[in-house]
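S.K.: Make the complex out of the two chains shown on their own, each in a separate frame, by following the hints.
Top line first, the protein sequences correspond to chains A and B. Residue numbering for the first sequence follows our numbering, starting at 1 and increasing by one per position. Residue numbering for the second sequence follows our numbering, starting at 1001 and increasing by one per position.
Misleading hints may appear alongside valid ones.
In silico lysine-lysine, DSBU-like type, Cα no more than 35 Å apart, as pairs [what the hints assert, rightly or not]: (1) Lys1421(B) <-> Lys1029(B); (2) Lys1611(B) <-> Lys1029(B); (3) Lys174(A) <-> Lys1611(B); (4) Lys1130(B) <-> Lys1029(B); (5) Lys1611(B) <-> Lys175(A); (6) Lys175(A) <-> Lys1029(B); (7) Lys1493(B) <-> Lys1421(B); (8) Lys1130(B) <-> Lys1152(B); (9) Lys1611(B) <-> Lys1493(B).
Partner residues are not named here, just some residues of chain B that face chain A (Cβ under 10 Å, in silico) [claimed, not checked]: (10) Val1173; (11) Ser1212; (12) Pro1559.
It should be emphasised that the hints constitute simulated quantities derived from the structure, not laboratory data. Keep in mind it's a predicted model, so treat the numbers as computed, not measured. All C-beta atoms, glycine included, are put in the ideal place defined by N, C-alpha and C.
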Amino acid sequence: MTAAAESRTGPRSIDVSGLPSHAFGHRAPLWWGLLLMVAIEATTMALLLVSYLYLRGNEEAWRTVRLGWPVLDLALVQMGLLAASVLPTVWAVQAARAGRLLATRRRLLIATVMGALMLAVRCLEIRWLPFRWDSDARGSVFWMVFGLHTAHVLTGVLENAMLLALLYRGPVEKKHFGDVEATALLWYFCVLEWVPALALLYFDPLLWPS
Amino acid sequence: MNDTLMATWSPGRGIGAWLREVRHTEIGKRFVVTAFLFFAAGGIEAALMRLQLARPDHGLVGPDLYNRLFTTHGSTMMFLFAVPVMQGVGTFIVPLMIGARNLAFPRLSAYSYYTYVIGGLLLYCGFSLKAGPDAGWFAYTPLSGPGFSPGKRMDVWAQMITFTELSALATAVNLVVTIFKLRAPGMSITRIPLTVWAFLVVAFMIIFAMPSVVVASSCLALDRLVGTHFFNHAEGGDHLLWQHMFWFFAHPEVYIIFLPGLGMISAILPAFTRRRVVGYDIIVLATVTTGFVAFGVWVHHMFAAGLPQLGDSYFTASSLIITIPTGLQIFCWLATLWRAPLRFATPLLFVLGFFITFLVGGLTGVMLAAVPLDLQVHDTMFVVAHLHYVLIGGAVFPLIGAVYYWFPKATGRMLNERAGKISFWLTLVGFNATFFPLHLLGLHGMPRRVYTYLPGSGWHHLNLFSTVATGVLALGILLTFINVIASHARGRKADANPWQADSLEWAVPSPPPPYNFAEIPVVGSRAPLWDDPASQAVVTGLATDQREVVVTTLLDAAPDHRTILAGPSIWPLLAAAVTGVAFIVAMFTPWGLPLAVALGIPVMVGWFWPKGKPAPLHAQQPGTKAA
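If we strip away everything but chain B, and leave its shape as in the complex, we get (with noise of 0.2 Å):
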């Protein structure tokens, strides 16, 4: 049965078969890899940065460039890495943890990687040819309408935006349908993996909180290509409409980047405290909470915008509140950790990073929130700080955690633990000392996105510090990347299960076969491997000679009816080069919305319309009901 199921899940040979590839697991590592070569370019641009703030009136980087780097640094760690990474991660995770052979829509995920590899090359080729964006990453206006930014600087800026939004919404739908649907017989909605939970209540915050940066972005590239006047003041535009609109997207961004990291964490904890995380109702309701407020708070970023007292009053208390949901969330997990017999292995180890550093930028976090010290250190190095340590701390450390936790399962092969453990201690020291002496140049008043300070300010020997610390920084993510290479290639072969682990991923071979699960598990409880032993009870009756899989209810996750997921396509990749085609060209000329539609509906009709042998329309089925 294998053989068949083999036969019907192959991808195929070849560079064709490369480029039509729709598995989950495939997409995902893409994505992952892909996000972590911009989290490298990223890297070198921070470095930099600090290379000539490292000294007082120092030479390296001009005023031009460091606008550049600053601009590009930010856009790059946001829009590809931060969120492309954890659209990998649940792309990769999701439909192993809830025990489907792919997502919902194969082809729709594969649409989702070429849109936003197309964006991140739009980035970087406008950075190349010094037409990279320069006005920050969330882009001001005025400063990046019209009349103070000429050129095709943030045309390229808002055009990266368009694409990466449609990817991360694409993965969003995906990824909500299929835990929706397809998840094993028996998993239901209170048998959910709290790591799924994270995935799904992130795809649905994506989902109305993207289009907000989709419409303000499309405004701007308007005012500034066909002389729209949304945020022209003289002609009736509002400069803090923009301003709404992109907090209104962005602050709950920083949401959906460190939900996943949380996610992730309630899937390390177990397999290394050997018990079940505590509280799993005050996590996934903690969990679910977090995502409605994260959209109430969106002002405590225009504290000096000047807005009416009662909304910043309004806002400092939304944003006070949103601690409490994650403080119930740490306070569960330090539950787990207390006196569990711990296994000090890698990814622990940075779950553990993440508790100290996260710590710290929950507080500065709580700090800012108050209006007074906000407006004291607005756009200073303090904001800088705070920001790496929510977005580092909350998000990395975790991703890294993770990376450490799930690489068996995606190649086959362990990390090096010794080189893991090094690389945690350089990371964490670093980190810290990169970032913790930022928060006393803010206070001591240095502004950031400057080029250079004078050297009377007193600030350089702090800074000559941090930028020591990023040499260690980096040299602790260098080894991590230098292990996942060696050990891709000469790591120690890892079993289905190394950890130990309770979820569902671990009960496929490492890494999985194309189909993921030979028979689809039937569950009965939220730690399956543990309480459960896989081989018990399984789904019987699916085709192996199609892509055919079972859908269950939405609550009860009951099997309800079978369908039949989409194969390889080449369309997914067509549509992607359109779609690419298209907003570019709309960069220089409205020409390119005709355009799109023009070559979109060929590739549409060509991606929809059915090949193939058709199931005959009136012959009944062996068993087939009325539905």
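Bound-form chain A, shown alone (with noise of 0.2 Å):
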């Protein structure tokens, strides 16, 4: 219990005027809303990734198609942009949790700057797929989880915008420094669960027999 709080007025009464108006990580409850909500994506993403598991067992028209040059070192390019964007997501919440605007906002830019290259970059791969959603069984898991991550980025990116947007045309309150964290948390799973994706969809088919 915080000092404040043990200043009772009555009969252990709690006086709870002394308390911050707000607060950083697990002990904000927006903070937990965004944390549930990455819980909830992230079982839809796992649920899809042992699909293509499932999947994967039936088909034997999939060992023909492997993804290589361009599609593959695209593929990589965006896994490289995606790491990278956590640096400056971090730097920035480090600035919003010392309060310090212009250096929150400066790297926030960063950051959604990244994410808007990657999913430019996923564009151009798009034309490159040597397949579509109703080639096969392989062809629809594959765009699914492609979808439901392009999905994610999106909201990610515009999330940061919107987010970029207050922050720069004000009024900036406390607490949005603290929503900078929290939205902070989905960026770092759209660059996690990119993961194991990009491992199961673009590097497992290549050590399957030829």
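M.R.: What follows is the structure, encoded as structure tokens:
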């Protein structure tokens, strides 16, 4: 219990007027809300990856199409952009915790631009993909994972953009710094979930006997 | 001070205020009322099916309508009644029981409600346009796929799932965060009411189970709309993938429906036995264990699908194991009842009814967990009997008990006891007489989901008996409906704690004011109203001219900081409308998805963009410390 809370006014009553009016991380309700949303989306992604493995056991036709240049290279570029965007996000959260508005929005801007770039590269990749969602079951589950992740990244970029608009245009309130940290959770998830997805969708086929 | 609080938390007047409503008491009541309307619709469908089965070769309902009836009945009861009604009770009662002024995300709860209504309307619009789903509530592929279900019937089903699951997920997140962070100071993790524990476990189960059916129904919709091959064997898909994904959701779903019922029992028992529930720790641990094990039993719905025998054995074992935590809870309640000075009011009667009916359902469940017996009675009326005993016994009996118990809190009036008792006996007798014969019919080989049977089959006496008994059951339920409507208008006025119960919701007036608690209580025990009369310790120093609440720590519920909850807003309704338009368009063209993004962005900006007077960034607030 904080010292402020212990300044009691009545028998065992608690005076909370001295408590802070916002908090970061797991102390804040919004952070928990975002964490649970990430849990929902992570379960969704995990189920799709399990479906991929389940269907893979059935499919002879999958062995004929491997992903090589330029699809694989473009996918690696995207992974690189995603991984690199974690740094400015972490720094933006640090600045937000310290209440430094200028640094927060500059770093968040860099992270958001990297996310948008990743989406641009993904648009290029789509043009080269050798199969469609209706080609076979592999195509279906590939495109589903691909689509879900794109939706997550798009949501992350749009959320960041909205937060940036708020941070640049104002009026900025203290709680918006907490929002930076909560939104960052979603972004970390977008990066993390793509690691197993990339391994399964792009690299697993390389291991199949030809 | 109460005038200022009233002005701050009051929802306002008029139709605009009604549409912007975010009070958890109001949203919760709307959930419950809407869910009971769907319950009535599902009941009428059931009655029609029973009438059709009353005699052999009956021509009342043809095969196509019968298919749509049982699909709509099952889908309604699972997705539009059982889950939402529990969401509604949780939305209504959880903040009151933990001493909070609202849910953590008030607007999200409004969004959740509107999304649910859209999903329900979609199903019934489809049904009335002869475009209602007809492939069973679990929509097995390939029957539900593009090859065998042309038209839009199964798309209606798949999109209804999306709406109701979205709604359930939103409520689940809301409840978890509320229970974690908005408990009254002092309500440490060992003092959380058992009812709230049940809702917490259920919320977590929803978070990890519902994505599975969302994925499954999305894959089905895509197979039907854009020619994907998730469930198409010819192109490397797999029908069993559907069954796995569906039951990975739908078995936990059973517990999602009946764990809240168990939580209600833990709330009702102390008030009518005048003692605390025996074995708090055991019940909490059993509830949590059930939550985990429920995810490991889904394949017992698929014993007839031809899976490897080792898998079948594993799932038999896990299905038997799950009876242990449930059994523990039941013994705790029996110990609570044992030689207690019982007060036989209607809520307790319905709880006792639960023991009888749920026991039967549980025992047939143990039987069905054995593969040989399951194969024998698979897809027969035996399974129909089992699942109704579990769901009506496990969820509906406690639920009706809870309606009698919390109605005074929700409306400020008592339900009529006499009518309640008559309703209970009619329901209990009618229910058992309707469903017990179905066990025998199943053992005699009568299949489920078949619209008629031949005269020589020997099934007609039991079927006729069951149909007549349905009338008694319907009468029992109808009496409670009438009781609710009549008592709402003219019932005896209820004071704050008409049952002399022990938990915090009874510390506030009936019905609760918009701010719930004029002063947030400080909790010092598991039964605060018995051990610790509410007037003693309270939270002071919260702003009354803003919707300010105290956020507490996760385990100890020590006061941590203050926060301001969102107030009334029209955006949840608009967001739900946009969700509705986009998803319904997506039934017909994939352009629904870009449409969702295009319409969703302005709505999200509108919802979250700060309005009104901002709190200045750099001005030091009195007494504020660095975070």
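S.K.: Does Lys1029(B) sit within 35 Å of Lys1611(B), going by the straight-line distance between their CA atoms?
M.R.: holds (28 Å)
S.K.: So if I understand the rule, the pair passes when the alpha-carbon distance is 35 Å or less; does Lys175(A) with Lys1029(B) pass?
M.R.: holds (31 Å)
S.K.: Would the hint on Val1173(B) be counted as holding, given a Cβ-Cβ threshold of 10 Å to chain A?
M.R.: holds (4 Å)
S.K.: CA of Lys1611(B) to CA of Lys175(A), is that 35 Å or under?
M.R.: Status holds; Cα separation ~14 Å.
S.K.: Hold the hint about Pro1559(B) up to the distance rule: shortest CB distance to chain A must be less than 10 Å.
M.R.: holds (4 Å)
S.K.: Is Lys1493(B) within 35 Å of Lys1421(B), Cα to Cα?
M.R.: holds (19 Å)
S.K.: Between Lys1421(B) and Lys1029(B), is the straight-line Cα distance small enough, at 35 Å or below?
M.R.: Satisfied, since the Cα-Cα distance of roughly 23 Å is no more than 35 Å.
S.K.: Lys1611(B) and Lys1493(B) were given as a pair; does the straight-line alpha-carbon distance stay at or below 35 Å?
M.R.: violated (40 Å)
S.K.: Lys174(A) and Lys1611(B): Cα distance at most 35 Å?
M.R.: Answer holds: Lys174(A) to Lys1611(B) is near 15 Å, not above 35 Å.
S.K.: Is the hinted pair Lys1130(B) and Lys1152(B) satisfied, with a Cα-Cα distance of at most 35 Å?
M.R.: Roughly 10 Å separates the two Cα atoms, so the pair holds.
S.K.: Interface hint check: Ser1212(B), Cβ to nearest Cβ on chain A, cutoff 10 Å. Holds or violated?
M.R.: holds (6 Å)
S.K.: Take a quick look at whether Lys1130(B) and Lys1029(B) sit within 35 Å of each other, Cα to Cα.
M.R.: Cα-Cα ~31 Å, so holds.
Taken one by one, the earlier hints fail for this structure only at number 9.
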